[in-house]
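Assemble the complex: chain A is given as a structure, and chains B and C must be docked to it using the hints.
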Amino acid sequence: MEQTKANKNTTRDATGETFEPRIVAFVCNWCTYAGADLAGTSRMQYAPNVRIIKLPCTGRIDPLFILKAFEGGADAVLVSGCHPGDCHYTSGNYHARRRWAVFHKLLDFTGIDPGRLHFSWVSAAEGRKFADLINDITERVRGLGPFASDNPARRQA
Amino acid sequence: MKVLEANKIGELAAALSAAGWRVLLPIEDGKVVRLAPWSPGAAVRTDVVPVNSIKDALFPPSEVIGRFGLDGGDFTVQEAPVDTAKTAALCVRPCDAASVSLLDTIFNWDFPDAFYNARRSAVTIVSLVCASADEQCFCTSVGGRPDGTAGADAVLRPAEAGAKLILEPLTDKGRALADAAGALLSEATVTADEPAEVPQKFDRPAVTKWLAANFNSPLWQKWSLACLGCGACAFTCPTCHCFDIQDETTRSQCVRYRNWDTCALALFTQHAGGHNPRIDQAARRRQRLMHKLSYIPERFGLVGCSGCGRCQRVCPAGLGIVEICQAIEDIQKVPAR
Amino acid sequence: MNVTESIRADAARLLTEGRAKMVIGYGLRNGRSVPVFLTEPQGADSLHYGPQCTLNLAAYLARPEVRRNAPLAIVAPPATLRSLVVLAAESQVPDGSVLALAVGPQEYHGVVDVAAAAEIVRKHYASPEVDPDLAARARELAAMTPAQRSAFWREQFAKCTRCYACRAACPGCYCRRCVAETNMPQWVSTAARGHGNYAWHILRAFHQAGRCVLCGACEAACPQGIPLMLLNLSTAQEVQEQFGAKPGLDPAAKPVMGSFRPEDKDDFIR
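Protein chains in written order, with the numbering used here: chain A, 1 to 157; chain B, 158 to 494; chain C, 495 to 764.
Hints in this document: simulated from the structure, not taken from any laboratory. C-beta atoms are modelled at their ideal positions from N, C-alpha and C, and glycine is treated no differently. A few of these clues could be false.
[Claimed, not checked] Below, a sample of chain C positions facing chain B; criterion: calculated Cβ distance under 7 Å: (1) V528; (2) C657; (3) A662; (4) E675.
[As the list claims (entries may be wrong)] Capping the alpha-carbon separation at 30 Å, the derived lysine-lysine pairs in DSSO-like fashion look like this: (5) K759(C) / K54(A); (6) K515(C) / K379(B); (7) K515(C) / K68(A); (8) K366(B) / K159(B); (9) K759(C) / K105(A); (10) K490(B) / K379(B); (11) K759(C) / K129(A); (12) K490(B) / K515(C); (13) K105(A) / K68(A); (14) K105(A) / K748(C); (15) K105(A) / K188(B).
[What the hints assert, rightly or not] In silico negatives: residues of chain A with every beta carbon more than 12 Å from chain C: (16) G16; (17) T18; (18) E20; (19) D37; (20) L38; (21) G40; (22) S42; (23) N49; (24) R51; (25) I53; (26) P56; (27) G59; (28) H88; (29) L107.
Chain A on its own, in the form it takes in the complex (with noise of 0.2 Å):
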């Protein structure tokens, strides 16, 4: 994992208080729903920027999910799940896999920084690597600023 530079909470948000990423993760059940819960269940301390929802699997996930994460103020979105030949429901995260590989390069394609839309693989096991992910999730994006007004995307007021 990338390091990103430690950047002292120097961002501020509209509101003028310290920026604090809000990060909208779409996770499996079964994978890293479980990995997040062991992550907890560890006492793992991690950023607690992220919202989870909780699907039955990755195969669930409309990218429209993705948009409406956008739409009511993510700063980014996490979509994560089984590793390949992991699901639960043997292969939704087949299904899921050829959707992020276009979905993700047509918001980049129109504009949507690539540094706010990740993806990931995290088993039921990987308590560590979940927290991980999150906190360095939250540092990049809290280096990228706020996702206001150069969200496309975003509901404006």
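Relative to the frame of chain A, chains B and C by itself:
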């Protein structure tokens, strides 16, 4: 008479901007000419009908008409500001200016629409007599003319082969705008050029008469096959005015939008219970024609069409008011069996 | 016989023989190409074919008012042939319900069914040339930073009035109820504003990924001149590069976005 050099439209726009007006002009944007806010350097095009009309400035594609807050259990009604920015719409086509009287009537018919009226009061319409028209124009078939002044606060008439423009204020708003133009206008006597010729394409009163008697004609099926059911015609039309209200809510806020809508969509009349009284595209196409050329004349004594020709220019299938009115006329020419 | 004459002859023949109850083709009205729907052989003289025929007539195959006249015959330039193949692959064209009068840029291939149409596409039109100007603009965009691209698309989508002409003109958009017009739940704002317009165009481009035949009917239909083909070209190139799939070649092909291979790349996944 007050005369402006035709190549000084940009300077007029600059002077009005400096005096606090938001200036709208037909501006080139790639393949399209659009009536849009002017900024220095904008490429003004007065030789074609812009894809949109003055309607956009009075009744925009989407506007906020309500804001509500929910804070705990407290429901509050918040400000939905009306737009009162002083606006000068320059070089508006006479057909578009003429359509404003219908919009004024509709938006004040049974209820004075505060949003429309605020924009309307703040807009000064300066029309430009048409020096040219294309084969889609048909203002003369619906009671208009290329040099018509209906709906305009002031009119610009090309003169000296288009090198000059005579500015004729018609209302107080027009006079105020002429005053703001100041030294850009000179006093001179010039002869106005002949306006464009727009041959008559159909007999509108005869079409209205036919429509009233032929609601159930099987011909509507034939005439609507090519219609793909989009909103291109209704949205570019200067007289179409239907809208949809949509509330978009988050946990603590609701914003109420008024958005353009079109009777060409099946969804327009779709009932929550599943029934759709306009069951096919024939019923929907018929509605468009009836509304514009039968119901509006009957109810208001106005024609619901200004002859601008946009519907035909934008329709992906080449449909429009002229082709169907001519089809109606063609039937009547067939001798009765 | 030139192409137009061949089309007229075959259209009249199909209607006379009863092999089609309706022929959908191009006619001319005041010099402009418009769709025509023939049910009588005598009407065949109104058919015309030329370079101005840019509407993809396959868009009419989804309309119930047209379908009830099956069997149908449709004048089909290469993009329309590919649309037919895609629609057949998606079970939207019942067997035997559509024949194509297959036309190339210079030549006429005759009356074919969907299977033969696919063969023609594979043989002659498998790799259609992308308009060089479009390709150049796409490369220009790809070379920009995300912030620059964001500004570009924001400006383009600001022109959108949500007329849905793009959707109506597209043969691939045949859903009876579009997801953009559902409100239980409501995924996409229907207001012609930044966030809704962005979501609309992204979702439409994504739903066409692997299905779009690059006919250009959407961009031609847009009254506001939004460069929609840039989006479609971008996803088409992505799908081809990543999954080797090109729509319109095989009526038995599995939908590319609805299938997968275990070896699909996931280098972008952490």
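**Request:** May I ask which of the numbered hints given earlier this structure violates, with the numbers listed in increasing order?
**Result:** 7, 8, 27, 29
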